[in-house]
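Novice: Read off the chains here:
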Amino acid sequence: MALQPEDIRRIAHLARLELKEEEGTRMLAQMNSFFEIVEQISAINTEGIVPLAHPAELLKEIELRLRQDTVSEFNEREAHQLSAPAVENGLFLVPRVVE
Amino acid sequence: MSEIHDLSVAQLSKALQTKELGAVEVAKHFLNRVEKDKLGSFLSHNPELTLRRALESQERIQQNQARPLEGVPIAHKDVFVTKDFPSTAGSKMLEGYRSSFDATVVDKFAQAGCVPLGKLNCDEFAMGSSNENSAYGPALNPWNAQAVPGGSSGGSAAAVSARLTPAATGTDTGGSIRQPASFCGITGIKPTYGRASRYGMIAYASSLDQAGPMAKDALDCALLLSAMCGPDLDRDSTSLDIVEEDYTKTLNQSIKGLKIGVPKEFFGSGLALEVKSALEEAQSVFKSLGAEFVPITLPKTELSIPVYYIIAPAEASSNLSRFDGVRYGHRAKEYNDLMQMYKKSRAEGFGAEVKKRIMTGAYVLSHGYYDAYYLQAQKIRRLIAEDFQAAFKECDLIMGPVAPTTAWGLGEKTADPLSSYLADIFTLPASLAGLPAMSVPCGMSKAAKPLPIGMQLIGNYVQESKLLNAAHQYQLQTQWHTMSPEMTGNLT
Numbered sequence: 001m002a003l004q005p006e007d008i009r010r011i012a013h014l015a016r017l018e019l020k021e022e023e024g025t026r027m028l029a030q031m032n033s034f035f036e037i038v039e040q041i042s043a044i045n046t047e048g049i050v051p052l053a054h055p056a057e058l059l060k061e062i063e064l065r066l067r068q069d070t071v072s073e074f075n076e077r078e079a080h081q082l083s084a085p086a087v088e089n090g091l092f093l094v095p096r097v098v099e
Numbered sequence: 001m002s003e004i005h006d007l008s009v010a011q012l013s014k015a016l017q018t019k020e021l022g023a024v025e026v027a028k029h030f031l032n033r034v035e036k037d038k039l040g041s042f043l044s045h046n047p048e049l050t051l052r053r054a055l056e057s058q059e060r061i062q063q064n065q066a067r068p069l070e071g072v073p074i075a076h077k078d079v080f081v082t083k084d085f086p087s088t089a090g091s092k093m094l095e096g097y098r099s100s101f102d103a104t105v106v107d108k109f110a111q112a113g114c115v116p117l118g119k120l121n122c123d124e125f126a127m128g129s130s131n132e133n134s135a136y137g138p139a140l141n142p143w144n145a146q147a148v149p150g151g152s153s154g155g156s157a158a159a160v161s162a163r164l165t166p167a168a169t170g171t172d173t174g175g176s177i178r179q180p181a182s183f184c185g186i187t188g189i190k191p192t193y194g195r196a197s198r199y200g201m202i203a204y205a206s207s208l209d210q211a212g213p214m215a216k217d218a219l220d221c222a223l224l225l226s227a228m229c230g231p232d233l234d235r236d237s238t239s240l241d242i243v244e245e246d247y248t249k250t251l252n253q254s255i256k257g258l259k260i261g262v263p264k265e266f267f268g269s270g271l272a273l274e275v276k277s278a279l280e281e282a283q284s285v286f287k288s289l290g291a292e293f294v295p296i297t298l299p300k301t302e303l304s305i306p307v308y309y310i311i312a313p314a315e316a317s318s319n320l321s322r323f324d325g326v327r328y329g330h331r332a333k334e335y336n337d338l339m340q341m342y343k344k345s346r347a348e349g350f351g352a353e354v355k356k357r358i359m360t361g362a363y364v365l366s367h368g369y370y371d372a373y374y375l376q377a378q379k380i381r382r383l384i385a386e387d388f389q390a391a392f393k394e395c396d397l398i399m400g401p402v403a404p405t406t407a408w409g410l411g412e413k414t415a416d417p418l419s420s421y422l423a424d425i426f427t428l429p430a431s432l433a434g435l436p437a438m439s440v441p442c443g444m445s446k447a448a449k450p451l452p453i454g455m456q457l458i459g460n461y462v463q464e465s466k467l468l469n470a471a472h473q474y475q476l477q478t479q480w481h482t483m484s485p486e487m488t489g490n491l492t
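Quick note, the sequences are listed as chains B and H, same order.
If you're matching positions, the first sequence starts at 1 in our numbering and goes up one per residue.
If you're matching positions, the second sequence starts at 1 in our numbering and goes up one per residue.
Simulated from the structure, these hints should not be mistaken for laboratory data.
Don't be surprised by glycine CBs; every beta carbon is placed ideally from N, CA and C.
Wrong hints could be hidden among the right ones.
[Said to hold, decoys possible] Computed footprint of chain B on chain H, listed as stretches where at least three residues anywhere in the stretch have a Cβ under 8 Å from a Cβ of chain B:
| hint | stretch |
| --- | --- |
| 1 | 45-53 |
| 2 | 234-247 |
| 3 | 264-276 |
| 4 | 375-389 |
| 5 | 407-421 |
| 6 | 445-453 |
[As the list claims (entries may be wrong)] Keeping only pairs whose Cα atoms sit at most 30 Å apart, straight-line, the calculated DSBU-like set for lysine-lysine is:
| hint | chain 1 | residue 1 | chain 2 | residue 2 |
| --- | --- | --- | --- | --- |
| 7 | H | 287 | H | 446 |
| 8 | B | 60 | H | 446 |
| 9 | H | 259 | B | 60 |
| 10 | H | 108 | B | 60 |
| 11 | H | 466 | H | 449 |
| 12 | B | 60 | H | 249 |
| 13 | H | 276 | B | 20 |
| 14 | H | 356 | B | 20 |
[Said to hold, decoys possible] Which residues of chain B face chain H? A partial, calculated answer using Cβ under 8 Å:
| hint | residue |
| --- | --- |
| 15 | 29 |
| 16 | 31 |
| 17 | 32 |
| 18 | 37 |
| 19 | 42 |
| 20 | 71 |
| 21 | 76 |
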């Protein structure tokens, strides 16, 4: 089933993107032509197949590693905030969230 | 002696260590070429810093404290974060962004003595196959400036090919090292997923992203790969806990009796004739070296396109959610509230292809579609990986094309982005399986301005040495890797 303009609006909201009208129209056409080639995957029998989230697990059993519980990173607030759009007193500035 | 820029990493390294050349002289030579470049392959450089590092290398050599790649210039794809240069990932979102740390790969090359020349152009957030998705304009193909250099590591491939740097780093998510290497006539290798650290690589699709070297030949790739790989267990949760290797050790082994698989799905009707015949010629070279060819099958090859273009965008939509205009990156000038600030900042900061992949990813992960798309794609991903394991029961390596054609023209696929997805068909399967794979120059097209043709070699997990060994033996018999655009007079 092809995507409709309202789907594009819904997904754009989920993705936090403000799309211009013509951008949305182009996106709709391109996504629909992409999903035409996607439909073939539904014909593949994958019963009992475990999803592969990670290629490394084919090579070695994945262990969740834990780091040593020691201090390895130090506070570099100034360096980290150097590229922030708006900072005041070491805090990131955002529009008012709570009235 | 050849011109400095025609020397390989191995030759340069030797000339530096024997003091035949000085590190500062070498750095100046390449900086001079970078400054005259008209291909758009560099996004930033910093001569003062480069020369300072070159001087340090020179002093180390004089004091007999040279490290393995002391004084060898290298340039990094702009998806690796660097303290000394801006890190943009080819996106307006990160214009002017300065990282507070170096990526592990960048750091490892610095520890090995390499001198950084600057940062290289790429498709925005590594999403693309032509470098045309860069917010800073496309890099151009040095063999024909009307053609794309490939992507996403297009600037890396163009810069090595045009002899602006002897070595470059690249990243490969669905073919982004191999395809541009093929289009620009250089050698590049994507190691096994997890072999090189992803720490400090600006993330696109985390279960696929992998760093690798791009250079003139397999020997150089072996030297560079040995320097950049190794466990980074505290910083990259998917880094493989397998000790470093010296990939140069096995380069000279005989490949007599090596079994090379030829997947029938890689030689179908979509393959350009000139690519096919270049590969057939390469096969006779391998046969003369004693290798044997075995027909194999990778039946799900075609499915790798929808599977990749579901999984990669899904991961991208999650990874790129960090760009919210709060901590770093672009923030819109005008907005009424927080939600609008997010939406406008992201709309202004991201380019069209990135937005489409974020949208596609958000869609396939959304309620009601997750099972049919994302989960089904992950299941087929396992089947694709299993097909390779079945094939490797019959052969040691797999050989095929990197791309169905040589480099296409600038703007040729802009109106129909799906056609560029389809052209990724031969690189996607190895990416999905996490296997090591490389591109090796194996011919030139018959066009008025000839374009390079690349051969792909795919190995089983952590068998990079087998790939490099076969490629090196092939290159001892052939000249394709020694050709440069300057020889054809195209680079003016």
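Novice: For every hint, state whether the structure bears it out.
Specialist: How the hints compare with the structure:
A count of 0 residues in the stretch 45-53 of chain H with a Cβ less than 8 Å from any Cβ of chain B is obtained; the coverage claim is therefore unmet, three being the minimum. Three residues within the 8 Å Cβ limit are the bar, and the stretch 234-247 of chain H against chain B gives 5, so the coverage statement holds. Counting residues of the stretch 264-276 of chain H whose beta carbon lies closer than 8 Å to any beta carbon of chain B gives 0, which falls below the threshold of three, so the coverage claim is violated. Under the rule that three or more residues need a Cβ within less than 8 Å of chain B, the assignment of the stretch 375-389 of chain H holds, with 11 such residues.
Requiring three or more residues with a Cβ within less than 8 Å of a Cβ of chain B, the coverage given for the stretch 407-421 of chain H holds, as 3 such residues are present. With 0 residues bearing a CB less than 8 Å from a CB of chain B, the stretch 445-453 of chain H misses the requirement of three and the coverage assertion fails. A threshold of 30 Å between alpha carbons decides the hint, and for residue 287 of chain H with residue 446 of chain H the separation of about 25 Å falls inside it, so the pair holds. Taken as a hint, the residue 60 of chain B and residue 446 of chain H pair is broken in the structure, with Cα atoms around 45 Å apart against an allowance of 30 Å.
Taken as a hint, the residue 259 of chain H and residue 60 of chain B pair is honoured in the structure, with Cα atoms around 25 Å apart against an allowance of 30 Å. Taken as a hint, the residue 108 of chain H and residue 60 of chain B pair is honoured in the structure, with Cα atoms around 25 Å apart against an allowance of 30 Å. For the hint linking residue 466 of chain H to residue 449 of chain H, the alpha-carbon distance of about 34 Å lies beyond 30 Å, and the restraint is violated. At most 30 Å may separate the alpha-carbon atoms for a hinted pair to count; residue 60 of chain B and residue 249 of chain H meet this at roughly 25 Å.
Among the hinted pairs, residue 276 of chain H with residue 20 of chain B is inconsistent with the structure: their alpha-carbon atoms are about 44 Å apart, more than 30 Å. For the suggested pair residue 356 of chain H and residue 20 of chain B, the alpha carbons sit about 13 Å apart, so the restraint of at most 30 Å is met. For residue 29 of chain B, the interface hint is violated, the least distance from its beta-carbon to any beta-carbon of chain H being 10 Å, above 8 Å. A distance limit of 8 Å between C-beta atoms decides the matter here; for residue 31 of chain B the minimum to chain H is near 6 Å, and the interface restraint holds.
Restraint check, residue 32 of chain B versus chain H: the minimum CB separation of about 10 Å is more than 8 Å; hint violated. Because the beta carbon of residue 37 of chain B sits about 5 Å from the nearest beta carbon in chain H, less than 8 Å, this interface hint is met. A cut of 8 Å between beta carbons decides the hint on residue 42 of chain B: the least distance to chain H is about 7 Å, and the hint holds. Against a cut-off of 8 Å between C-beta atoms, the interface hint on residue 71 of chain B is violated, since the closest Cβ of chain H lies about 13 Å away.
The interface hint given for residue 76 of chain B holds, since its Cβ lies 6 Å from the closest Cβ of chain H, which is under the 8 Å cut-off.
Checked against the numbered hints above, the structure breaks hints 1, 3, 6, 8, 11, 13, 15, 17, 20 and satisfies the rest.
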